[in-house]
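Work out the full structure, taking the sequences as your base and the hints as a guide.
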Amino acid sequence: MAGLVKSFNIKARDFNHAGEASISVQSLLKSMNYNPKLIRRIAICGYEGEMNAVMHGGDGFLRIEIDSDKLVLEVSDSGQGIEDIELAMQAGYSTANDDYREMGFGAGMGLPNMKKNADQIIVESEKGQGTQVRMIFFIKEGDMPA
Amino acid sequence: MKLSEIVEVLGARVLVGEDQMDKEVNTCGASDLMSDILAGLSEGCILLTGLTTVQVIRTAMVASVGAVVFVRGKKPPQEVIDLAKAQNLPLISSPYSMFVSCGRLHDCNLTGLDGNR
Numbered sequence: 001m002a003g004l005v006k007s008f009n010i011k012a013r014d015f016n017h018a019g020e021a022s023i024s025v026q027s028l029l030k031s032m033n034y035n036p037k038l039i040r041r042i043a044i045c046g047y048e049g050e051m052n053a054v055m056h057g058g059d060g061f062l063r064i065e066i067d068s069d070k071l072v073l074e075v076s077d078s079g080q081g082i083e084d085i086e087l088a089m090q091a092g093y094s095t096a097n098d099d100y101r102e103m104g105f106g107a108g109m110g111l112p113n114m115k116k117n118a119d120q121i122i123v124e125s126e127k128g129q130g131t132q133v134r135m136i137f138f139i140k141e142g143d144m145p146a
Numbered sequence: 001m002k003l004s005e006i007v008e009v010l011g012a013r014v015l016v017g018e019d020q021m022d023k024e025v026n027t028c029g030a031s032d033l034m035s036d037i038l039a040g041l042s043e044g045c046i047l048l049t050g051l052t053t054v055q056v057i058r059t060a061m062v063a064s065v066g067a068v069v070f071v072r073g074k075k076p077p078q079e080v081i082d083l084a085k086a087q088n089l090p091l092i093s094s095p096y097s098m099f100v101s102c103g104r105l106h107d108c109n110l111t112g113l114d115g116n117r
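Chains as they are written, first to last, in my numbering: chain F, 1 to 146; chain X, 1 to 117.
Fair warning: there could be bad hints in the mix.
Simulated DEER-style distance windows between Cβ atoms [stated by the list, open to error]:
1) X/K74 with F/H17: 19 to 27 Å
2) F/S7 with X/S4: 23 to 31 Å
3) X/T111 with F/R101: 23 to 31 Å
4) X/G11 with F/I85: 42 to 50 Å
Taking lysine-lysine and the DSSO-like style, the derived pairs with C-alpha atoms no more than 27 Å apart in a straight line are [as the list claims (entries may be wrong)]:
5) F/K140 with F/K6
6) F/K115 with F/K6
7) F/K30 with F/K11
8) F/K30 with X/K2
9) X/K74 with F/K30
10) F/K140 with F/K11
11) F/K127 with F/K115
12) F/K6 with F/K116
13) X/K23 with X/K2
14) F/K70 with F/K116
15) F/K70 with F/K115
16) X/K85 with F/K37
17) F/K30 with X/K75
18) F/K37 with X/K74
19) F/K115 with F/K11
20) F/K30 with F/K140
21) X/K85 with X/K23
22) F/K140 with F/K116
23) F/K11 with X/K2
24) X/K2 with F/K37
25) F/K127 with F/K30
If you want the footprint, here are the derived chain X segments under chain F, 3+ residues with CB under 8 Å [claimed, not checked]:
26) 32–42
27) 52–62
No lab work stands behind these hints, which were simulated from the structure alone. Remember, predicted model here, so these are calculated numbers, not experimental data. The C-beta atom is built at its ideal place from N, Cα and C for all residues, glycine as well.
Structural data, given as structure tokens:
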């Protein structure tokens, strides 16, 4: 059986609405009665990825694919891409400007925190080609909707 | 510790969530860095911050924070209050600095996000 797929738009530099896609995913999973701890991990990964796209990337989307054995979250943007993915994955590395830091972001913790919360993470990016981050969350006993 | 006790200890003003003052919180995170809250064990905590942007509310929602306390008597813009109201997230404004607000709550046995005192 094909899983349920939902996609939410992300708009670059739109800070008034940044985070809404992740909160939509969070609400969707809540309405489906998944384990709150699992929902929190997914919402955090979505939000970190969404903020990265809004601050550093381009327009894109946040997509959740719901299967019986796993949830797959994808953040995709059409921005400038990441030149050195390995470097971007390092805690504390950031290219954020002062404006973003004043908003409480740009500590270089986004991708590392996504890696910490997801069971698997795949980052694909090339300079000028946008960025796609796929995160997989395997469903364990107790995670399923009641 | 109940939210109503936190409001009393801080001599604070409730901006949103008068009806949620019986909510229990036992941990506290104080930061202007939203990444710290997102990376910490912030579930059900109170978040003390000097930032008053919509991103504070969205961070709190995503991280399942129990309530937000703005320090130095800050009052966020109306859109921020409206968003918190819509999400049922209590907002409190403390007249004290970050340091003094934290000190007062530490005296009441609240722990950090990592459980340390």
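Enumerated hints in conflict with the structure, sorted upward: Going through the list in order, the structure violates hints 2, 9, 10, 17, 18, 23 and 25 and respects the others.
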